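**Student:** Protein sequences appear in the order of chains A and B.
Its first residue numbered 1, the first sequence is counted upward by one per residue in the UniProt record's numbering.
Its first residue numbered 1, the second sequence is counted upward by one per residue in the UniProt record's numbering.
Rather than coming from a laboratory, the hints here were simulated on the basis of the structure.
Just so it is clear, the structure is predicted and the values come from calculations on it, not from any experiment.
The beta-carbon is built from N, C-alpha and C at its ideal position, and this holds for glycine as well.
Some clues are possibly wrong.
Ranges between beta-carbon positions, derived for each pair [as the list claims (entries may be wrong)]: (1) B/R64 <-> A/T511: 50 to 58 Å; (2) B/L85 <-> A/E452: 46 to 54 Å; (3) B/A221 <-> A/E426: 54 to 62 Å.
Derived lysine to aspartate or glutamate pairs resembling EDC-like cross-links, with alpha carbons at most 16 Å apart [what the hints assert, rightly or not]: (4) B/K49 <-> B/D76; (5) A/K90 <-> A/D413; (6) B/K153 <-> A/D185; (7) B/K153 <-> A/D209; (8) B/K153 <-> A/E211.
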Amino acid sequence: MSQTEEPADGEAEPEESPARGVDYDAIEGLLGDAVVSRETHRNAEGFVVRADRVQDALSSLKEEAGFDHLSNVTAQEYADRFESIYHLKKYDDPTEEVSVVVPTPRDRPVSQSAEPVFRTADWHEREAYDLVGIEYDEHPDLRRILLPETWQGHPLGRDYNQDKPQIVTFEEHENPLADDHRDADTMLVNIGPHHPATHGVLHLKAVLDGETVADVESDIGYLHRCEEQMAQSGTYRHQIMPYPDRWDYGSAGILNEWAYARVAEDLNDIEVPEYAQVVRTMSAELCRIAAHLLALGTFCLDIYGDFTAIFMYAMRDREVVQNILEDLTGQRMMFNYLRLGGVVWDVPEPREEFFAQVREFLADLPNRIDEYHDLITENELFQLRTVDTGVLEPETAKEYGVTGPVARASGIDYDLRRDDPYGYYEHLDWDVITDDGKDNYSRLLVRMREVEQSARIIEQCVDLLEDWDEEEREIQANVPRTLNPEPDAEVYRAVEGAKGELGIYIRSDGTDTPARFKIRSPCFSNLQALPEMAEGEYVPDLIATLGSLDIILGEVDR
Amino acid sequence: MATAPVAIAEWLGYATPPLWLEIVLDAVIAGVVVTIMLTTSALAGPWAKRKITAMFTDRIAINRNGPGGITTIAADAVRLMSKELIIPDGADRPAFDIAPAILPLSALLGFAVIPMGSGLQLADPEIGLVYVFAVSSIASVGMVVGGYASGSKYSLLGSMRSVAESIAYEIPLVVTAASIVLLAGTLRLSDIVAAQQGTLFTVAGVSIPAWYGFLNPFALALFLVTSLGEVGRNPFDIGEAGTELVGGYITEYSSIYFVLFFLGEFLHIFLSGAVITTLFLGGPAGPGPAWLGIVWFGVKIWAVFLFTQWCRAAIPRVRVDQMLEIGWKGLLVLSFANLVLTAIIVGVIHT
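Bound-form chain B, shown alone (with noise of 0.2 Å):
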């Protein structure tokens, strides 16, 4: 990607590229991705889990328009944003109106330092997981402000049970991610890529790469049930619990807003699922050409994402106090196990 301004440079007449054409070109190609990442989430995403989860659930899901009901989706697009838009008369506006783009935004910035393969990785600094981690946690800001200024006593119990829950599970999410960064010695997330392209073992013949989650399974299993209380899903939806809040923090939320909450949730299993490729599954790698490297790197995030859908269509919901329970009695301790004796290893193979 460094070769693209340099060469528009040079026919531009600069020698190097100027700091306007460097942005310029970031914003278009942010644009781009961005773009291609909303409309592949927000069409498929839902589309994909609807047909999933029906398939769990013994149902046949949406299949009237297009080709498996795909076009469902877009009519629901259209519905959704042509619906009334109702504020509650005890909304605390305009805290009311700015809660929906915080979800979604924090999952965005998440994605631009992700390597995504095939040369596409935004940004590229030395404090990538760190940032990600940053802005993502975020979200519990939009659920907080959302759940308050709502006005609702569901809403209220639903953003204190998001935040109860984003905390507990942030320190063990965090702590497992830091035994991966001992190992590959780098908070740099390309770098963490690079350092899990080698092979790890040869079993008949097939070469198992060294991805970190072959490595470290274990690490990789923590993380997995930490993201889902992180992003809220089975069994840890208590901030949401239809049967029980109504929806939580988005029970007050209409037309778009809702979509932009709906929207925010979904990005936010996709980002955590990028973020677990990337530590665990050796980011873009995959067999072929590197230019496959966005293939390969989106079907390791839906593998990722059908697994949310699975503990879904499988898995009761814990109580708001058992989950606390798993996430600082259980989930801590564990992850900082799994930190202690990682970097025991780490050391020996250094000495």
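Pulled out of the complex, with its shape left as it was, chain A reads as follows (with noise of 0.2 Å):
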């Protein structure tokens, strides 16, 4: 793995100066009389824009500055104004991040939208919209997104009343049999919210000219459970963890807990012990392998349209590290497993049993894999159905802020693992996998190689772990029981997820419970990017396509 920068320094001291090789004071003579003020947030420099000079402070930062991936926009309520935050990135290296803090007057929140620049910017503009009531000047389709359009005021704002009862039937929301006014040669057909391919609950409004997609919009929020609501009702220390495992709950439970343990302990300062970090390690990339294990399962099921062998081998592989999983961490799904500082336990006693059970799966994974290649990959009617469908330009990802396999797919070199380092990734020996298909079959492949890779990672982390001193084994930091961050700390941190770049957002307040919680779901971006890959295909491709995003409603709406 090659070694860019001097990320050891930077994950060792989250209180180094944010400027990760960023010159601030040039890009603020960039953004020039746009910029009103300058703040500082743990992980880059915020510059305070005008509401009505977003577009140019942005457009600006993108050309010229090489920003070129909006990896989340959060928007909060203070009780003198409304913010909204964008935080930028480069596709080239993720460390360089700066924020453009855009503050609104409570009376009036309106701010200039950022989709002209960023096309990604849409949904987060609509979400924010929803959920906390800030205006975005011309948005192109500024509506609600997570909750039906008839719902009175904004959940995160502050004067919502959150003990008005509010019903809202199916007809209100969507009524799936109302006319369609749009072009008569046309048909709407309503995909979902309860159809098989749509892998949860999702409404895909597809309009069909014949047997090709025409047009095709996702109503999504049908799984919205108010997480970041719930996360910011809890204390850092114990009641936050167990909701990340909810969020992407196919199987990537341990992986998403990692994003919010990494943010965390960014904000309070943690370091974690070597021994934690490589259990970590392991026990994310277990994970990783079963997400994408179910992914290659749930993907061929809307290819072959039958629970075929592949399907049940994929669960029956998946099974094997749902085990090993269960037997680390005593939960199947919902693990649990690591706290901010370390993980919750050990490997479980007696270690040699463990670790033969771990090594056993990887010694037979490359034959499943090579069967899995037989099966599938090399099947020609497979490929007919999936090579040269739902293509994906890279070009166009970076514009919807794709990330993870999908975008490593179309050819962008990007994980978080390599190019912004956290846990044991930068000791281990691996790599990360790319391809320049742009299609289906891409990502599909992809995700049998990353696998592999993952694979190779926990190998080198079980080597580790057999020959640790038994009395350095430390698997936790030394953490108060409460955590106060100091106030108005803000941070912003992502991980690799199974599914692209999972990122976190806390400002604190000075209490124990984080004062804002975002969470930058990497589903949500990548199933915005859905229509560009879909229109033009046919109904099979678009169901094809969506199965290759692997999304999980459950982190798309939260």
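Take each chain as given, in its own frame, and dock them per the hints.
**Tutor:** The following block contains the structure:
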């Protein structure tokens, strides 16, 4: 693995100046009079920008400073103002970050939309409007996104009345039998919210011209469970960690937990012992294998149209991983294994037995992968179905903030495990998988190869753990019972989840619960790119493309 | 079979069997045969299907009720029939009610001319083969009517796909069958079976029968693939396409209507198995006494059925445009090539 920077320092001392290679003064000069003031967040400098100059600021950052990745948009309400924060990164080097902070007055929370600069801002700003109540000028389609159109109030706003009962029937929200007022030559087909191929509760409004998809719009929010609100009412130390397991519930629990662990450890200056980092790395990669196997199985289910051998084989192999994870964490799905400062307990005794179990799985894995390649990727009919369908160009992918295997299958060499190192990844020998196919086939291939790489990582972790001196097996740092980070500290951190960049923004207010807890879900951004990939294709390819995106609605809707 | 009516007619005091007696006897025999066919295919069919698919996909499948879970099927039958029959608001009746009956009906009519061995053949018209194709293609009418009358877009799409599929695959199917007619020189199914009685050649003491499947394996392969498309099984199950069209033309059907559709599909797979057996696998021919014919016939039908289940468990579904391309540009050309080739060979042999 190539080391381009000095990430060891950056990781060990989050207190260090956020400027990891970014010349913020030059940026301030670049933004010119759009900047009102400057504030320092833990991860990057934040430039406070006038609400009517957002597009100018963002486009000069994008075009001239190279910040081509709008990772996240956080919206929040203070006592005296609303605030939208645009978290920008570079696809080439995600350690170079900058935040654009846009305050708007409480009595008139209108700010300029970033959508013309970054397509991905479309959904992010709709969410900000929906949950917090900020309005965006020049936004093409400012509607609610997670909540029904008839919802009263903005739940994360300060004036929101939580006790007011709100019942919205499906007909009121989205009448499936409503007349379609579009072109008479087309037909509106509601795919979902209950449909075998939506992998959860997703509603695709597909306009078909014969069998061809003329237009598709995703209607999300059916699985919205107020995860951000719940995290905001939990204490840092213990009460938040169980929630991440429930975002991407497709076996990726520990990867999600790590997102919270990373951001909270940065916020509270917690050092994680090396031993715990190795255990974390191993368990997280086990989760990644399980999640990718699930993705493989369900994608083939979409293509084959039946519970075929492949789906069952994927489930069979995933079951082995689940058993290992169950032995390690005590849970099959909702692991709740990480703690701030480490992990909850060491690998189970007898250790030899546990490691033998892991090694047995790893030894068998190459045969399994070969079997999958025989069954799937080398099958001509399968290639006929997947090659050159659902093409996502890298430029488009970047516009939409696409990350994870979906981005890597479009040839974007972006993996936070390598580019923004955390845990123990930088000391291990593994490769980031990319593919230039850009189609459904590539996305499957990338996931299958990532399984192999995860196996490599796990093997090295097991080697390390086996030889670890018994006296030095420190599984948790000494973390105070109550964590009260300093007031008004703001931090945004991301990890490489199973589906891509899973980020969390936290603003503290000096108490033991976060004042704002914002989740950047990779599936949310990836799903947004679906129309770009599916329009002009046949219905079966729309389904296949959706499957290849590997979305988990629990993470999209949060 | 011809002796039975004569004997009964003599017993009743007639010199030759009167027409009414023939009709009554035929109806009784038809009733018995159809009942047997129905119960075996409706009970053993889904059971075997589930068990076999489970074996293909590394599962156990039903095993709670009865030996190997076979009585689960009876419980399923009760369950399906006692379910609420939901008829959508937008349904176009009575078309919606007629459609489910058409599918099994057309398959059952097809069985009428199949020589099943042990003397079981309800009718043996000169144009037997044409008759089978004619009645079995009525099934598409059922799909179209059902899909259109459901008033659902999924059903409509599914039925449109099914029709396109039927048209694209019917022609190569018939053309491939025509090559067998050239070999046998007749359309009468019993004669086609009789023409396959001899021995093709003997290898190390094992005599290979002169089945057309051995004589022209290419035609058999072509016919197998084409009939997969005709009955709408993987990789050509685009009319139902569970993950895309959630069942296609059967989306809106429930309870007994659903059962009828389901039954019709199974019967169609068995019918295409019966046609393949008759045309390519020597019909009821097999070792042992002649009365074992029905057993051999059953074994061969089941072999074809197994093949469809194997495809289902292992092959991805093709897209609608790809399916039509395979049908029109691939199978049609190949089937005509096969026909011309067979015609030349038959012509050379005859001169």
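**Student:** Hint check: A/K90 vs A/D413, CA-CA at most 16 Å. Holds or violated?
**Tutor:** With Cα atoms ~12 Å apart, A/K90 and A/D413 stay inside 16 Å; holds.
**Student:** Can the restraint linking B/K153 and A/D209 be considered satisfied, given a maximum Cα separation of 16 Å?
**Tutor:** The given pair, whose Cα atoms are some 13 Å apart, holds under the 16 Å limit.
**Student:** When you check the alpha-carbon spacing of B/K153 and A/E211, does it fall within 16 Å?
**Tutor:** Roughly 12 Å separates the two Cα atoms, so the pair holds.
**Student:** Could you see if the CB distance from B/L85 to A/E452 stays within 46 to 54 Å?
**Tutor:** 52 Å, holds
**Student:** Does B/K153 pair with A/D185 here, judged by a C-alpha cut-off of 16 Å?
**Tutor:** 14 Å, holds
**Student:** With a cut-off of 16 Å on the C-alpha distance, tell me whether B/K49 and B/D76 pass.
**Tutor:** 14 Å, holds
**Student:** At the C-beta level, are B/A221 and A/E426 separated by a distance inside 54 to 62 Å?
**Tutor:** Holds - the Cβ-Cβ distance for B/A221 and A/E426, about 56 Å, lies within 54 to 62 Å.
**Student:** For B/R64 and A/T511, compare the CB-CB distance with the range 50 to 58 Å and indicate the outcome.
**Tutor:** 55 Å, holds
Every hint from the earlier list agrees with this structure, and none is contradicted.
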